[in-house]
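K.L.:
Spelled out from the first residue to the last, the chains are:
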Amino acid sequence: MLGTRELEINLGPQHPSTHGVLRVKLKLDGETIVESDPVIGYLHRGCEKLGENRNYIQTEVYTDRMDYIAAINENLVYIEAVEKLLGVEAAPRAQYMRVILAELQRIASHLVWLATHALDIGAMSVFLYCFREREAILDLIEGYCGARLTTNAIRAGGMRLDFPDGWTGAAKDFCDEFPARLKEYDTLLKTNRIWMGRTKDIGVISGEKALSYGITGPCLRASGVNYDVRKAMPYEVYSEMEFDVPLGSVGDTYDRYLVRLEEMRQSRLIVLQALAKMPEGPVMNKVPKRIKPPAGEVYVVNEGPRGELGVYLVSNGTDTAERCRFKSPCFVNLQALPELAKGHMVADIVALIGTLDIVLGCIDR
Amino acid sequence: MSVVQRPELSLWKRLFLVELLQGMAVTFRHWWRKPTTEQYPKERPKILPRFRGIPKLQDHPDVEGILCIACNQCSIICPDDCITVLGEPRTVGKGKQAKVFILDYERCCLCGLCEEVCPTTPVPAIFMSHEYELARYKRVDLMNDMKELYEPQPTKEYLK
Amino acid sequence: MKEQLIQYLAVPMLQIAAIIGVMLLCVMYLVLWERKLIAFMQVRMGPMRVGYHGLLQPIADVVKLLLKEDVVPKAADRWVHLISPIILMIPALACFAVIPFTGTSFEVGAFTIPLVNYDVPALTVTSWVADLNIGLLYFLAISSLGVYGLVLAGWSSNSKYSMLGSLRSAAQMISYEVPLGLSIVAILMLSGTASLVGIVEAQQEAGHWWLFWAPLGVPLLWPQFIGLFLYFVAAVAETNRAPFDLPEAETELVAGFHTEYSGMKFAFMFLAEYLNMILAALIVSVLFLGGWLPVTFGIPGLSELFGNFLPFLGGAGAAITGFFWLALKVFLVLTVYLWLRATFPRYRYDQLMSLGWKWLIPMGLAHVMVTALFMLLRG
Ligand code: SF4
Ligand code: SF4
Chain A
1 MLGTRELEIN
11 LGPQHPSTHG
21 VLRVKLKLDG
31 ETIVESDPVI
41 GYLHRGCEKL
51 GENRNYIQTE
61 VYTDRMDYIA
71 AINENLVYIE
81 AVEKLLGVEA
91 APRAQYMRVI
101 LAELQRIASH
111 LVWLATHALD
121 IGAMSVFLYC
131 FREREAILDL
141 IEGYCGARLT
151 TNAIRAGGMR
161 LDFPDGWTGA
171 AKDFCDEFPA
181 RLKEYDTLLK
191 TNRIWMGRTK
201 DIGVISGEKA
211 LSYGITGPCL
221 RASGVNYDVR
231 KAMPYEVYSE
241 MEFDVPLGSV
251 GDTYDRYLVR
261 LEEMRQSRLI
271 VLQALAKMPE
281 GPVMNKVPKR
291 IKPPAGEVYV
301 VNEGPRGELG
311 VYLVSNGTDT
321 AERCRFKSPC
331 FVNLQALPEL
341 AKGHMVADIV
351 ALIGTLDIVL
361 GCIDR
Chain B
1 MSVVQRPELS
11 LWKRLFLVEL
21 LQGMAVTFRH
31 WWRKPTTEQY
41 PKERPKILPR
51 FRGIPKLQDH
61 PDVEGILCIA
71 CNQCSIICPD
81 DCITVLGEPR
91 TVGKGKQAKV
101 FILDYERCCL
111 CGLCEEVCPT
121 TPVPAIFMSH
131 EYELARYKRV
141 DLMNDMKELY
151 EPQPTKEYLK
Chain C
1 MKEQLIQYLA
11 VPMLQIAAII
21 GVMLLCVMYL
31 VLWERKLIAF
41 MQVRMGPMRV
51 GYHGLLQPIA
61 DVVKLLLKED
71 VVPKAADRWV
81 HLISPIILMI
91 PALACFAVIP
101 FTGTSFEVGA
111 FTIPLVNYDV
121 PALTVTSWVA
131 DLNIGLLYFL
141 AISSLGVYGL
151 VLAGWSSNSK
161 YSMLGSLRSA
171 AQMISYEVPL
181 GLSIVAILML
191 SGTASLVGIV
201 EAQQEAGHWW
211 LFWAPLGVPL
221 LWPQFIGLFL
231 YFVAAVAETN
241 RAPFDLPEAE
251 TELVAGFHTE
261 YSGMKFAFMF
271 LAEYLNMILA
281 ALIVSVLFLG
291 GWLPVTFGIP
301 GLSELFGNFL
311 PFLGGAGAAI
321 TGFFWLALKV
331 FLVLTVYLWL
341 RATFPRYRYD
351 QLMSLGWKWL
361 IPMGLAHVMV
371 TALFMLLRG
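Chains as they are written, first to last, in this note's numbering: chain A, 1 to 365; chain B, 1 to 160; chain C, 1 to 379.
Excised from the complex, chain A in its bound form:
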């Protein structure tokens, strides 16, 4: 009996290009994807539940481990929520420091994205070049707080420490050197015909559809929707910074690539502005040692490298939260994968997972 059948294939959870432990159930017709179904949960550690069992200071440690590529942004949004519950503000200098660190972290995170995305499509050298640059940023972050990934750097009311001597100079040096490096990546990828062929018109999603999926961050902006939390609801000192929000026109993988590259350039500008404007002064406001916010609830959003990070906290007046909920941009963005992948080839699903820039730690929490 001869006949044709769809081929079912399991991409992951142990697979070189699923960025951790994502599993995608694929139904293939030849090499064309008929159906794709992401299965998640392999990295679930119960961060939200831990947030309800540990006090506010301790929970920040777990936010490091959610989106381990961009820990500072996660720290920041959590601490902002705690500050809002407490009704305190961060010290002015600390606000600038937060912006600097968050933007550096954004560049680092985008570099990891570019690296792995390029590797998925087969450009191996870009991977290592990007990691070299990221190394420089991680050295800066390590020099500031002592850890490279699990930063745990921000405290309610300000920052734990001031920048060490020579830190700002090193950060400026990095910013000066960075554009030349970005240009090299452009030469290797941006106009490369293979890269264009692999990314143009792959996974097109319209702005409307992206909104209805709830996609945020660069993926949304690549579809032409002008929504950036830093502009829409400025937090910290973003309202004083001048920067551009790059938008895409088609909403394909190539646009998402271009948007993120432009974002790196803008982030660099923000870092330079914040370094120039940063006032002197204490980095910590007076905050009680034991954090016991009054009963109430808050929801705070931030612009993370992957999209809108949200924290919802309910306090019952003790030092532990009654309810702690993290809104993960990766989780939402990943839901669009079946839509994006339909009709493309197996090779494209790898590019699409890359372009959504997911971090499984952030999805599964």
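There may be inaccurate statements among the hints.
[As the list claims (entries may be wrong)] Pair ranges (Cβ atoms, derived):
hint	chain 1	residue 1	chain 2	residue 2	range
1	B	Lys42	A	Thr318	15 to 25 angstroms
2	B	Tyr132	C	Val336	39 to 49 angstroms
3	B	Asp141	A	Leu269	43 to 53 angstroms
[Unchecked claim] Calculated pairs, DSS-like style, for lysine-lysine (alpha carbon to alpha carbon, straight line, at most 27 angstroms):
hint	chain 1	residue 1	chain 2	residue 2
4	C	Lys358	A	Lys25
5	A	Lys209	A	Lys289
6	A	Lys190	C	Lys358
[Said to hold, decoys possible] To spell it out: a stretch of chain A is covered by chain B in this simulated footprint if at least three of its residues, at any positions, have a beta carbon under 8 angstroms from a beta carbon of chain B; those stretches are:
hint	stretch
7	44-58
8	111-119
9	239-251
10	302-308
11	330-344
Because the hints were derived from the structure by calculation, they are not lab data. Computed from a prediction, not measured in an experiment: that's the story for all the values here. Even for Gly, the Cβ is constructed at its ideal location relative to N, Cα and C.
Given the coordinates of chain A, work out where chains B and C with the ligands should sit on it, guided by the hints.
P.N.:
Just chains B and C with the ligands, lined up with the frame of chain A:
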């Protein structure tokens, strides 16, 4: 806000493989750059002053006896409950001092909160050392008592 | 009778043994060079631990592969799984029979093997195992047999990833055989022979490599650059190397057709791949870059000087020099191969097909036509 430009390849670039050759030039230039590799363990990484390695205990010459006052603050703040402290009356002066201090590196997440809350002066009794080699052959070796917490970790030097 | 037996049986046997030995050594060090070169291009260092700057790394790798457990998936077809690496390996090795490694042949005088007191008559030893008059066709025919190994390997492992990888490679190798063949036709027309030795000799007679063939006496008018480019692209695709390494695209298909292979069987597949690379580079050197002919930069006097570095050794000196030039060319071609891998992203399956059928094959046809036209014009 601004819309990013989508570059197109012009015909002559397409025909003469210009952008491919430019890309090859980039990799060729990198050939002559200094490698960024660190030859660990023959070459030890440069450790920045604020680096948070595994927590250790320390004493201070200004304070007689054991610096830790067994206040239990570190074990309370530790998010992973990896510190156990038992106190005894101080041998010199008033107050308490640590009699038993057990730190379980297996669970420590190197967050640095213990160092932050430690109230002793002039330096915190528990501090984040610059040691980073945590691998052990047995899990029980990761449970450290006070004696081990005072000792610096032996490091093996390798010839280059 | 005895003389013929020795000349036609013993000598080729020894030659085959020598070629296999040398080639396996070459593969080992090609792998090291690949790792080193790509590491340098990626600001890394590559293997550094075994030996001085990792020079003994290939030996360590071989030992590791030999000692590794040979895992066969439970649902695999054991026999096919076993023989497919061999099917891959044999054509790759068999192709080396027609490659001329250097021009001159050695005359070995009569001598006696000590201990057994066996008299060996005077012999002529050539640098090729066989100078077939259809050498090029033989190469094309035999090298395309390797695809069976890939397909069987993918099928017998009973894994979906392997299966997809082997299907891809079958399609890829079959489609790129056509431009590969077309790119060679012009060379055949220029040399008037299909023997690889004859092709190099024709280049020697013409006084320039076929790459620099300047019809109508106008330099750079229609050199065989197009042919070289076509051959090179097709050969990269044939050997499944980046940017056409779809059958083993590690980020999509884990490792493609050899996902389920380990130990020595994996080593065989690996060897076959690198042997094919060396083979492709050898053929490029022979067809377009003048084989064992020296690099003269078009200066006539240099050919005397560069033709024989060791004049005091006479014919043997010339042979060694020829081998040196060939090795240098092959090395450079292989370096370009690796350089491509360090630079480019990977094509997608359908793009690869359309590149092959829509671009390379028409280009190949046009190339043949234009070359023929020029030859006609020249008369
Ligand atoms: S570093 Fe953190 S986890 Fe480790 S002992 Fe100190 S408080 Fe506990
Ligand atoms: S180490 Fe510091 S915080 Fe911990 S018990 Fe001793 S004095 Fe208290």
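K.L.:
Which earlier hints can't be squared with this structure?
P.N.:
Structure breaks hints 1, 4, 5, 8, 10, 11.
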